[in-house]
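Chains as they are written, first to last, in our numbering: chain A, 660 to 962; chain B, 9 to 463.
Everything labelled a hint here was simulated from the structure, so no lab data went into it.
Since the model is a prediction, treat every value here as computed from it, not as a measurement.
By construction, the Cβ of each residue, glycine as well, lies at the ideal position given by its N, Cα and C atoms.
Each hint should be verified, as a subset may be incorrect.
[What the hints assert, rightly or not] Dumping the calculated EDC-like pairs for lysine to aspartate or glutamate here, alpha-carbon to alpha-carbon at most 20 Å: (1) K456/B - E725/A; (2) K456/B - D730/A; (3) K390/B - D375/B; (4) K252/B - D337/B; (5) K457/B - D710/A; (6) K440/B - E822/A; (7) K264/B - E451/B; (8) K252/B - D267/B; (9) K142/B - D710/A; (10) K264/B - D337/B; (11) K440/B - E823/A; (12) K359/B - E102/B; (13) K457/B - E725/A; (14) K715/A - E460/B; (15) K322/B - E451/B; (16) K113/B - D900/A; (17) K715/A - E451/B; (18) K435/B - E823/A; (19) K113/B - D710/A; (20) K457/B - E823/A; (21) K435/B - E822/A; (22) K456/B - D710/A.
[As the list claims (entries may be wrong)] In silico negatives: residues of chain A with every beta carbon more than 10 Å from chain B: (23) A688; (24) R764; (25) A868; (26) S885.
Residues per chain are reported as follows:
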Amino acid sequence: MSAIVRSEEVRARGPENVSAYLYIAPALALYSVFFLWPLAQLIYLSMVRWDGMAPKVFMGLQNYRELLASDPRFWLSLQHNLQWLVGAVSVPTGIGLFLAVFLARSPLYGRLAFRTIFFLPQVLSSVVVAIIWRWIYSPDFGALNAILRQVGLASLARGWLGEESLALPALFIASSWVLYGFCMVVFLAALQGIDEAYYDAAKVDGANALQQFWYVTLPAIRGPLSTVILLSAIGAFQVFDLVFIITRGGPAWATMVLSVYMYDNAFRYNKLGYGSAVAIVLGVLILLFSIVFLRVRERLEAA
Amino acid sequence: MKRGGLAVVTLLLVLFLPIASVLVAGCAAQPTPTAAPQPTAATEATQAPEPTATTAPEPVTLQVWYLSGSPEEIQLLEGLSAKFGEAHPGVKVELSAYGYDDMNKTLKLALDSGTGPDVAYCSPGGPFHLAYAKAGHIIELTDIMKERGWDQKHPADAIAYWQKELGGPIYGAPYDVTTVGVYYNKDLFSELGLKPPETWEEFEKLIATLKEKGHTPFAAGAQDGWPFDHYFMALVHVTTPANKIEDLNYVKPGVKFTDDGFVQAATILNGWVQKGYLNENFLAASADDQAKLFTNGQTAMTIAGTWNNFTFVKQSSFKVGFFALPRVDPNIEWRSMLTPNNVWVVSKYSKHQDLAIDYVDYMMGEDVAKALWDSGDIPTFKFATPPKPTSDLQLDVYQATQKTGVGYYFNVNMAEVGDIEIAALQKMAAGKLTPQEAMATIEEAHVKKLAETQQ
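Looking at chain B on its own, in the form it has when it is part of the complex:
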């Protein structure tokens, strides 16, 4: 071979090495979880009472992967897992925490290679736990649910929520709910003589009043994309009939982003931007900036998810309240982005399936539900007597969840459409697209996705 040709071949191999190794090694990589933090004294105080004890015949490590970005929540789970281990002599629970993207990528790769954890608390729905179920990676829990009484202890529609796509079999068990609504500065509202609105007209008047009095109504972090998308999706839930949102979520034909409700939601959001109701540089603000702007008192409100409860209570120097977004159209059913959160699944490849099921059963029990409640979360568990709220914020969130019906993160089954949605909303907010043009852009991608699902 000539010297020049050998050089070319060598260069070819050297240059392809990083790309090939990253992509293909990523498809076959063993997961490397991050270790969860050790429980602190605060966690010790909120840990649940002893679970039912059984004895394992030999030392066993139960691998549990938990999806959460909240240090407080992770510490709570570490404490609960330690209690489970103490009640099962010879059993050690190794809890590993993952962020949203990391969990979705790593768990899929691990299960696909027949490895991974015994139990995972993972993202629910079509691209996630239902995809694992279709591929045969996780066990069906329908009979286990009935044997262990989960369908009695938790609302049936909460457990069935993520299962509709498969028409019934239960593969994942949720144990708490989240919603997206309006966090507000209670102290500021009291000072200005304002109260949470009951109607959309009251809400618009409240926002205008805040602006007139020199306060920035909303904190938003559009640079990260999804926080701003939550503003849009929350508005869609109060402008659009519930059946349309549900059909969109399950990628069914018949609903379009150019329908009235979606355009109206985009128009409202764009109007807020034009009137200066959002923080000055919201397009460049991250999700963390959004949270800080609110907890620092630099804005009066923020539309965000209730997974922020832990953070907002700890970091605010004022009383934090919460209310559900009022309906724009009073004739539609009142919905919010109220959803069962993530789901517990048991791996088919677990060598300790009985123990794994015991662990999930423990997590679905009243003691853990009480611990979740005490930490400020909203469990799905049906308490015979509702526990006393640990904070006014928790009471506000609980009441909001009782007022509205369930909703959907309607682009979760269409990640690519979701990205295009975010880009279109960012362009709209920057004044480069009208609300109608933004919705048309998203609909174009939506049509393509519908065509792909029908292939």
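If we strip away everything but chain A, and leave its shape as in the complex, we get:
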């Protein structure tokens, strides 16, 4: 009955329906030109062999077959992205959450100043951040080794960006330094929406600080928390600037990630078709992750 009523309502609107589409037509046109059409071109490019100058040679799915079946550097890059993802959804998120709770609930003077300081790395350009951290990690002239030597910990001074086992974590620390401020700000906003009465009730029930956090704070900020986790995960798949500027994927591919691999193939190896295939695969991976994540979140919320 309701469906019949609804369809009658729709038919009854008539010209109003058309005017609704007319309203969104300009935006849709721009969207088509600046997104849908480039996306279609990208998909086509991923199926050709093209160096950017000579005529394109259609190859079908050959680029994808080569990428997925016989390119160890692709899988190594993906592995690094997944490692980055695990870190991104835990470290800056965890630090941001801790700082947000601490700043929101502790009687600390100068909280606004601390919020500003913690957020400052976010306002820096990613290129500036990369240059700063590249200098920090310099083994002979950088701040990190200089400080370690000054405080008597010279044995800990390393070639941070030259050791395969340390380079990726070093880059990740630089990234976390930027991201935790954003996470903190999101969580602070969410915490302000929690009614103090819940904490009072918890205290009356004898809950300590940790229990208040677990039973009051976390459930209340579940939505923003999952959003931050999702955005951090997407960022981990898309990471480019820091890797490109600091290590270019080295040493010996130890920090290569999919976005830099895509860039190298498209713009340095003159394999635009292959680079486009990497881009498509990366996009599909992000999409699949997001769909799964959102579905799991919906089910948890329903439960």
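Since chain A is already given, all that's left is putting chain B on it; use the hints.
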């Protein structure tokens, strides 16, 4: 459409937007050059005399893109370009400087879309100016070269160097040369009673002496990859016959990275690493760190390219010298990575082609060559009387270029193989591959590249 489905489609579109926009917009992007710095008083002092004056009928801006990472060099070119503009009333030269990667990416995209500069001083060779030529983006300069006498003013093999692949037509004109060799601390050498070696045995003895006396022989920056690769390529030029290096450069079959000369070069380099002849954390040191370690006097030598002349002279507190790497095998022809540097090209899409050719002609002239020489560079121009060197370093470099034959950055036509080469060398230096294994890894990629070029 169900709500969940609409959400999925929306999410699909939102997530693909950054990736699609970056990659495809990058293919169609208009170039955005960085502005070159204004000339300083120092540049004014070294600027060339007035070029030949012609009058342009209406105000014209000549767009010139220049490949250089040296602030001093860019300032010099800005001054020279300003002089050209002054001699051509109504003409303004807009010079934009680009780094190596930026120029190669941006110029290709610009030319491909029919835009870009009137003139470019760009990377030479198969993937660069010859690719632009094959695609019809730049004009042939063969007849212009003869009319303007460039082939008389510059060595024929310098102009023809980058043209071999196409068998003759000239599309780019170089005006200076670079090489890779050994910069050394002259003051330290004098103090220790050392002198530049003439033979490989003398060189090995010199390195060992420096180490025994408590000095680090070499500064290397392997984190950036290419500086360390230059060590390897420089050694290949003194261990391997020249024809093999040339064939490798032009991606011809018959030469392998597993051949004796390449393995020997890798073994020598690995030996230096094992004996501690390189700076302690060279695997994590950048190209800038390498330069600083040398100019600070923390190492006695560094193997680097002569585009560092400007920087090394300015930033060192000691006298800097230069010598060509001696031959390991005295029976091979003595070569180094001596190459004509980048090339001047004229865009087919330039609306001021005659003016653009005049600009290149000015750059190929004696006055500009003198200005380059005075700044410490080594021009290709054949001076009737060699000018007086502006520094001992320039004299050393000039003499080194006269002693050795031309060489090749032999992975420039194979960028992907070059990256694999760098990774293999880094792994070798970290002790994870033997020299033989490193060369085998590179050869695997090389074989794949040969197969691709034959498709």
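Hints and how they fare:
1. K456/B - E725/A: 13 Å, holds
2. K456/B - D730/A: The given pair, whose Cα atoms are some 12 Å apart, holds under the 20 Å limit.
3. K390/B - D375/B: 12 Å, holds
4. K252/B - D337/B: 14 Å, holds
5. K457/B - D710/A: It holds: about 14 Å lies between the C-alpha atoms, which stays within 20 Å.
6. K440/B - E822/A: The given pair, whose Cα atoms are some 12 Å apart, holds under the 20 Å limit.
7. K264/B - E451/B: 6 Å, holds
8. K252/B - D267/B: Roughly 10 Å separates the two Cα atoms, so the pair holds.
9. K142/B - D710/A: Answer holds: K142/B to D710/A is near 12 Å, not above 20 Å.
10. K264/B - D337/B: 18 Å, holds
11. K440/B - E823/A: 11 Å, holds
12. K359/B - E102/B: Holds: K359/B and E102/B sit about 15 Å apart, inside 20 Å.
13. K457/B - E725/A: 14 Å, holds
14. K715/A - E460/B: Measuring from Cα to Cα gives roughly 15 Å; hence the hint holds.
15. K322/B - E451/B: 40 Å, violated
16. K113/B - D900/A: 17 Å, holds
17. K715/A - E451/B: 28 Å, violated
18. K435/B - E823/A: 9 Å, holds
19. K113/B - D710/A: 12 Å, holds
20. K457/B - E823/A: Violated. K457/B to E823/A sits at ~27 Å, over the 20 Å cutoff.
21. K435/B - E822/A: Satisfied, since the Cα-Cα distance of roughly 10 Å is no more than 20 Å.
22. K456/B - D710/A: The hint holds at about 17 Å.
23. A688: 15 Å, holds
24. R764: Given that every Cβ of chain B is farther than 10 Å from that of R764/A, nearest at about 34 Å, it holds.
25. A868: 37 Å, holds
26. S885: Correct as stated: the minimum Cβ-Cβ distance to chain B is 14 Å, above 10 Å.
Violated hints for the displayed structure, listed by number in ascending order: 15, 17 and 20.
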